[in-house]
Each structure stands twice: as structure tokens, then as C-alpha cells.
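Student: Following the hints, complete the assembly by docking chains G and Z onto the known chain U.
What follows is each chain in one-letter form.
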Amino acid sequence: MQDLSALPHELTGNTVPMISFKSVRKAYGDLVVINDLDLDIQVGETVSIIGPSGSGKTTVLRMLMTLEDVNGGVIYVDGKPLTHMVKNGKLVPANERHLRKQRVNIGMCFQHFNLFPHMTAIENCMEGPVQVLGLSKSEARERSEELLELVGMIDKKDQHPARLSGGQQQRVAIARALAMRPKVMLFDEVTSALDPEVIGEVTNVIRNLVAEHNLTMLLVTHQMGFARDISDRVCFFFGGKIEEQGSPDQLFGNPQRERTRQFLSAVREAI
Amino acid sequence: MLDFLVLYWPRLLSGTGITIAQFLAAAVLGVAISLVFGLAKLSSTLIVRGIATTYIEVFRGTSLVVQLYWIFFVLPLFGLTIDNFTAGYIAVGMNIGAYGAELVRGGILSVPKGQWEAAVAVNMSGFQRMRRIILPQALVNMLPPWGNLMIELLKGTALVSLISVGDLMFQARQINASTFLSAQVFGAALIIYYILARFMLTPCMRWLERVMARKLGRA
Amino acid sequence: MFDWRWEFVWQILPRLIEATGNTLIAAGAGYCIALVLGLVLALAQRTRHRWVNMAVNEFVEFVRSTPLILQIFFIFYVGPQFGILLSPWASGMIAIGVHYACYLSEVYRGGIDSVPKGQWEAATALNMTTMQKYRRVVIPQAIPASLAGLGNYLVGIFKDTPMLSVIGVAELLHTANAIGSENYRFLEPYTMVGIIFLAISLPAAGLVRMVEGYVRRRMGL
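Protein chains in written order, with the working numbering: chain U, 1 to 271; chain G, 1 to 219; chain Z, 1 to 221.
Next up, chain U with everything else stripped away, as it sits in the complex (with noise of 0.2 Å):
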């Protein structure tokens, strides 16, 4: 086990980073996925995270949603220690108590939607504030009508997820996850499993998201063209480790590194 005595047991300051990832390690067996990674996303900042299939991008989303366990180093939420807590003064691995307190912060958008299969659009919505956070179950229904409004679904609130398209399905995914209000959303490849054709009405749904609502959000995408018009910042992993980052114009602009400018050429090839 790695030494965290030198990681502090609660960020401070005045500005306190919604996250903050410090040392971060992940490595299955001798395969290091994520290599000490330090990156810090402030409130309200929209990060997207690009780069080759293999570099650790998806990695950094599961961890942040605590589907997968750290190797090393702190994840932090809103100035509090997520994948440790602190017990005797130090910092321990977090219990599954401690994981259910600090997850309310961050929602999450899966590559394959994940929907429940059994439940209608809007049950799959109101699952999560009736279950988890104990709204009534008409509270749960309006908030969740309410969203399914946003995300232009409102319409098939009553389909069961077989009967949409992937489209539809990754907006009602998307309603889900905001339906608990989180600070942070995350969204793993959100538009890779689906037809070209309706990839942009997903893509617009985001959209709508940034420029309307105060989330902190962090995106891995392929989507190069979005990614530069909704970030704020766009991080390209190499490797497990960030190679580069800066402003969209910037990083698409003007790469400074070798390997950034490889990737984007090899990407605008393909199109």
C-alpha cells in the first residue's frame, strides 16, 4: 500500500475544485492503466477527455462513479476524500458507506445506456429518487416528467427501453442521471454505440446541458468536432497520463506535442 500521509484528509481554500484527483494509480496486474494522474475540474467546468482507445479515458470516469477501485493515490469530490475516508487520522479506503454518502454528487451516462430493461422511461427516471433518495413517488413522477422534457422523450415516457432507439434510450439514460440531481455528471462515450444519424440528437442534449445548467461535467468522447464546441478544457490522454491539455482552440488548434498532433491527424483522416 501506498504512503497518502501527504494527502490532505480535506481540500481547503477558495477554491476548492469539484475534483480533484491527486496521484491517482490504476493498474490491473502489471497492466497500468492510470499512471499518477493529478487534474483538477472546477465548478461549473465542462472537461472533455480524448485520445486512443487503451489511454485510460474510460478508466477515469469508472473511477470517479467508483465502479472501479483506486491503486494508489485520492480521488476527491467537492473537497472530500471519494474512493477513502478518514478514520484514526489517516486515510483509509472508503467503506460501502462512505462510497453511498459521497455518490450522491455524480451521476453517470454509459456507452450502452444500461437502462432498465423492466421499466418504462419514466419508471427507469423515478427509480433512483424513489429508491435512494425517498421523494414520493408523485414528487419523483414530476421531476422526472420534468426531464424527460428536457431530453425531448416526454412523448414515450411510457415505452419500455426495447421499444426506443439508441437515441432515445441515451436521452432517457441521460434524464436518469440528472433526475438525482447531481453536481457532477459524467459521460462515458455516450454517442459510440449509436447510428450516425442520431448521434446529434444526443449530442444536442448535452449541448443544451452546458449552455443552461451550472454541472460540472466530464466527457470521454470521439466526437472531436463537439468536444471542441462544449469544453472548456480537453484533456488528451496518452498512456494513462495526460499528454496535453488547454482551451478546445487551443488543443485543436495549436497541439504542441508530437503525439497530440499525431492523434488529430490520424482522427481527421478518418472523417
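Keep in mind that the hints were calculated from the coordinates and are not lab data.
All of these numbers come straight from a predicted model, not from anything done at the bench.
Just so you know, even glycine gets a beta-carbon here, dropped at the ideal spot from N, CA and C.
Treat the hints with caution; some may be incorrect.
[To be verified] According to the in silico footprint, chain Z covers these stretches of chain G (three or more CB under 8 Å from chain Z): (1) 61-70; (2) 88-102; (3) 165-174; (4) 185-195.
[As the list claims (entries may be wrong)] Reference listing, derived: stretches of chain Z covered by chain G, where coverage requires no fewer than 3 residues with Cβ under 8 Å from a Cβ of chain G: (5) 57-69; (6) 75-89; (7) 155-165; (8) 179-187; (9) 196-210.
Tutor: Positioned in the frame of chain U, the structure of chains G and Z alone reads:
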């Protein structure tokens, strides 16, 4: 427990011997019936298919105990008198054969259509196709469920004690009736059945799976 | 051809039908025990405690590889040795319930394994407790996936109830035995028992397939 075993092990052992004999005889019969009726169920002749379906549904739709009683008590009324040992393994074998026939049918259907077409393309006769190309592949596919079926067969042989075949179950009941040492005798019998199933039958089937897979170049 | 007597059939039919009721009750009660206990076993096999997993696995394996009829005798006779008197019905239901619970635990386990990993992850992303994940997300999907197996074992239990006759439960076969030895005629009672079994288990197997299709459609799967 130890004195109990010292006193009664010869009877438990002879019972185990009969159980194994019943198992082997029923297995041979069951496999033969499975092949015949499994193939018959795939026949293009309606009447052959009808006979196979009837056989399979009747034996899978009723209980082994009922079949056993029927064969032992009712067949003699037709002039077919058989001793209890024979009636025992015939009933168990016929019952398992009905389940096995479904496995054979499923295994044959699991062989890809391209294999049939390739066999036709090299101008094999229907019989050659089945024996040389389809059955060997079907056999590998269906061996894992056959392992479970063989355990069901072993368990099924315990029922022959009901028509007084002197198998392990029968000996256990006899000893229980005269001593009332129920926990010891039934416990010992349970353990013997478990050893037969888990440490003899299962390894044999695994070995067979490996051998067959190797023959097909899949290992 | 042979000596089949219809008037004897009509004479014994009421008794056989009455006994069929008992057979169905025995199968139903045994199945209810197996449904609940099987789920408990399946969940116990998935806990994080390695010793619990191993013990449950071994128990399931043991019960599945030993004859039900021996288990029935074991429970019926071993109780009194330790001062616990169980009626034939009670011991029969326990034996059948436990035996089939071990089969059903495998069915449940297959059903739970068939639920994609993404469903667990989505439930985590909604911050559900483990209990909520099972109750709200996983089990509702695992059950339709298990229905065919669950149904087949219901028919299986039904066909195994004649074994209860050996400890004196008055089900179909027990009644047929009694009729046979009272009248010295076995042809009609045993044949009728076989026909009654067929008449119930064949439609039941069809019904299982129908219910499975209906539930899957109902749940939008």
C-alpha cells in the same frame, strides 16, 4: 459410528456392488435408447418421428417410480415375467433414455449446417454422414449435459430397492429396520452415493470430455 | 388381449382423483419451500464470505448427487433418533423442498449471471444499496430468465412426489398400491396413475412455456 461400520460394511459393500451393476446395465441400455430415439425424432418419416415423440413424452411425463412399478407388476400380466434385477435396470434405462434422446437430438441440431453440406459435397451416404461427420461433433457438444444425466441415473437406481433389488438403498433400509441406527446407516449410504457420483462418475465424465475434445482437435 | 376392466377403473377413479389432490398439494408445498430456500442458497453462494460460499456450494453439490428417496428416509427416520418426531408429510416436504432448492439455486444463479454487468453499474451510479440492486434491478430481470428452469423443476417435483409413498404420504402411488393390494389387481391402478401423471405434466410443460413468454413480454424484455 466405527463399530457400526465394522459390523455392517459387508452388507453396505454388497449393496454398493449391486448399485454399480444396476448403474452400468441401465447406462448401456439408456445410451442405446437415447441414440435410437434421438435419431428417430429427427427422422423425415412421420411415423418414426411419432413413435419417438410418444416414447419420449410418455417416459418424461410420468415418474420413474411409476414406470418401475408398471414394468415389474403389470408386464407379467402380459405374460412377460422378468426378475426384479432386470426390471430395475430396464425401467431406469428406459427412463434415462427418454431424457438422453432429447440430448442426442439437441446435440445433432447443434452441429452447424455447413458440416452437413460439406458431407454431401464429398458425396457421403446418409449413414456415413451421420456416423463419420455429425455424430462425433454432436457427441462432444452434448457430453457436459450427459454428465448430469449420468448422476440422475445413479440416483435413479436407488428406486429399484422398492421392488426389492438388493442395492445400497435396499441394504440401508434393511439395516435400519433391524437396528434403528438411522443416522448411521442412512448417513453412510448418502456418503457412499456422494463418493460414487462426485469422485468416480464425475471424473470419468470429465475424462471422457477431454478425450473426445482432443480427438476433435479442440483441446 | 389382456384383462382390462373398465368397471374397476370407474370404481377406483374417485379415490385416485382424491389422491391426485394430495399429490398436487405435496408438489405445491414442496415447490414453495424450494423457491424460497433456493433463492437463499443462490444469494449465499454470492456473498463475499469465502467460507459461506464454499460450505453452501458443497452442500448443494452433496444434495444434488445423492438420491431424493434416501434423503426422504434420512429425514423421516433420523429425527426420532434425536427426539424430533416429524410426520410423513412434514419430512416429505422438507426433503423435497431442500432437494429441489439445491436445483433451483443453480437456476437462480444462472438467471442472476445472465443480468449484464452494465445493469449493476447503472444501479451503482444511482447510488443504490446492494439490497436495492438485487430487489429492484437484478432479481426482476433474473426471474424471467430463470422461468423456464423454474417451471421445469415444478414439473420435476410433481413427478417425484410418488417417492413420498414410501414413508406413507397418501398421494397417488400410495393410493394405487393400497387399491392394488386390496383387490389383487395392479394393472388398472398403476396404468391410471401413469395416465394421470401424463395428463397433468404434459399440459403443465406447455403452460410453463406460455407463462415464460407472457412474463417476458409483460416486463418489456
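Student: Run every hint past the structure and note whether it holds.
Tutor: Here's how the hints hold up against the structure:
no.	hint	verdict
1	61-70	holds (count 9)
2	88-102	violated (count 0)
3	165-174	holds (count 3)
4	185-195	holds (count 6)
5	57-69	holds (count 8)
6	75-89	holds (count 5)
7	155-165	holds (count 6)
8	179-187	holds (count 3)
9	196-210	holds (count 5)
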